[in-house]
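Peer 1: Fit chain B to the known structure of chain A by using the hints.
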Amino acid sequence: MKHLLAILSALVLVAGCQSQNKTEESKAPETPKVRLIIDDAYTLMDDKKLMKMFYDFNKRMLEEFDVDFRVISTTTKEDIDLYANRKFNEMQRQSRSKSGKALLLVVNPAQDKVRLEVSQALEPVYTDAFVSYIERKGFVPYFRDFKVADGVYAAMELIRDRAYEAAQGKEFMPPMQSKSIGGGAKSEAHIGQSDSEAKRGAMVGAESGDSPEDVMNKYLQALKAHNRNPDLEIYSKATREFFRKWTVTTINQDHEVDSLSRCPGGEVLYGPDGLHAVLAHRPYDKQRKCAPYFFKKEEGKWRLDIATMARSIRFNADMQWHFDLNKRLEGEGIYYAFAFDGFGFDKNGYPFTPKQNGNLPQGMRWGFQCGAWYKPSEKELYKQDPKRYARCWIRNVYYGMPAEVRLGLDVQDYVVGVGEGPEARAANYVTFMEYMKQVPSGSVASVTVLRYDKKNKRQYKIVRRGIAP
Amino acid sequence: METKRGVGMYLMIALGVLLLAIGFWFFFSYNTLVKKEEATKASWAQVESTMQRKLDLLPNLVKTVKAYAQHETKLLTEVTKLRAEALKQIEEKNTDPQRLKTLAALQHRLDAGIGRLMAVAENYPELKSSEQFLQLQAQIEGTENRINITRMQFNEAVADYNAYLRTLPANIVAAIAHFAPKAYFKAQKAAHQKLELDL
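Protein chains in written order, with my numbering: chain A, 5 to 473; chain B, -7 to 191.
The following block holds chain A by itself, in its conformation from the complex (with noise of 0.2 Å):
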């Protein structure tokens, strides 16, 4: 009987030794936090607002596509192509996906190579040849300027650009285990390598007779032959110094051109001060895929003015336009706000029809209201004359009408201040009132208020222009 124990405990042991192996080789070990972007070449996360850009679009990869997206820049020795997939099959263990799809690109400045890993589900949408393509065309020029991280975000776009076509086109495939077998493709990254073609382009010529339209279409035209020159006549002082120092890829060129392709047509209009037309595509609720185009007078010639465009104007993921509410009005973007009047924006600086248009009191100017308040500090002296220390808090300020349009007021705005330079002066409600009747149309108006930053919680004193109606 004892011997009997013996050797069963003994068959027991070995058998319960073999599972035990078994359950150590399955267990994965510990894994830390699942990390997006590694940094090891120090390109990249100095950029604050890539980092942002970049965990929102990642966010949304994932949201939309289940396409687990990761960023590695290094300086490793190793063979790239090895490295990418080696740190993919890696990282893949803690996959976000749940269909096996992922990206990872790798950029080795050490190396001066770029390349993007693609996982077996994803091979069909990312084929090699796109991939070389999108690496060749669309961020290496962003390279070649030493703009790395921009060269990154402009991955990130084409790369959403592809997930979109093929979801529509249901070119996904079925799930499966997220893993690489060497999808993708390298290229020379060509870091801080200028281009001498980068900038090349015949001249187009701006003639006195031409129309908006005939620019716009001359425009169109240098964009189809791939055109870089940043001195065209087309374009306005502004631009041609915007163009010189800005990347523009062959891909963003041909995206333009579908863009421009989808809006056909359009309506120019005109400033009242003869010198600034916007190209636009109204209702512009209605058609957000069209953006508006600038042109700015110069030496008697229609011009494009791209630089004040490219300053307040953005896309969405869906390439529907917005405006950037805190540039909208900066500079020379007042003169192209009359081209909005009639429409709100909302708080992303989408444009609205609003609804309240029919119930404005008649023969408005501005479209704003009043309500009266006093400094502190003068409370007993308005008590006494209320007319002279009474000052203007904007009340309410009506969607579409030309105090928001064209001047950037805003619910809770203090108005402290009016004119500008030798003629600017402080505002009681009377005076304010005066002046907003009296400024000429077409000229500049231009308002000081205080008004108050929720975010950081604190009064800030800002200047508003615009072009009066």
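Heads up, some of the hints might be wrong.
[To be verified] Below, in silico cross-link-like pairs of lysine-lysine (DSBU-like), each with a Cα-Cα straight-line distance of 30 Å or less:
hint : chain 1 : residue 1 : chain 2 : residue 2
1    : B       : K66       : A       : K91
2    : A       : K91       : A       : K183
3    : B       : K93       : A       : K183
Hints in this document: simulated from the structure, not taken from any laboratory.
Peer 2: Only chain B this time, still in chain A's reference frame:
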């Protein structure tokens, strides 16, 4: 009499348990060997599939280069011949050591030919900058990378299989069930192979 019967019974039980354990070991080892062998076959299928993919790209490459460099007929013909040989080899579908060696050598010669074709493009700027050629180049580089990765994965699967084959008690089970070690698919080193293409 009672005691003898009791001991006999215990011995029978012990024997039964032992046979059960042996059976369990055999069952477990056999199944593991089968799984690992299948893993090597699956990874070899990946290698062959990527090789096939590369061979499928070659006619396009030859056609594109021919359009710009009609005088390079010798090179183009050589690459076409090598492709046909490689296709024949892939059809054989076994992983015995001699066949793997032949396949590796053939791949190396084919890679050399493709390399020469790509080098030819340097002499023809229009070919070099043509989008079609650039895309083909990206696709071929892509398949070469895949061949490299899948070859590594195949060798890892073979290493895992071969190592298990040598452990106890799996080696006993393997001998009984006729499981044999598998050969590795080693890439040819450039220095060992003289280029045979004549330009």
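Peer 1: Does each hint hold? Answer for all of them.
Peer 2: Taking the hints in turn, this is what the structure says about them:
With a C-alpha separation of about 42 Å, the suggested pair K66(B) and K91(A) falls outside the 30 Å cut-off, and the hint is violated. Annotation: proposed proximity of K91(A) to K183(A) holds, straight-line Cα distance about 11 Å (limit 30 Å). Restraint check: the Cα-Cα separation between K93(B) and K183(A) comes to about 28 Å, which is no more than 30 Å; the hinted pair holds.
Checked against the numbered hints listed earlier, the structure breaks hint 1 alone; every other hint is satisfied.
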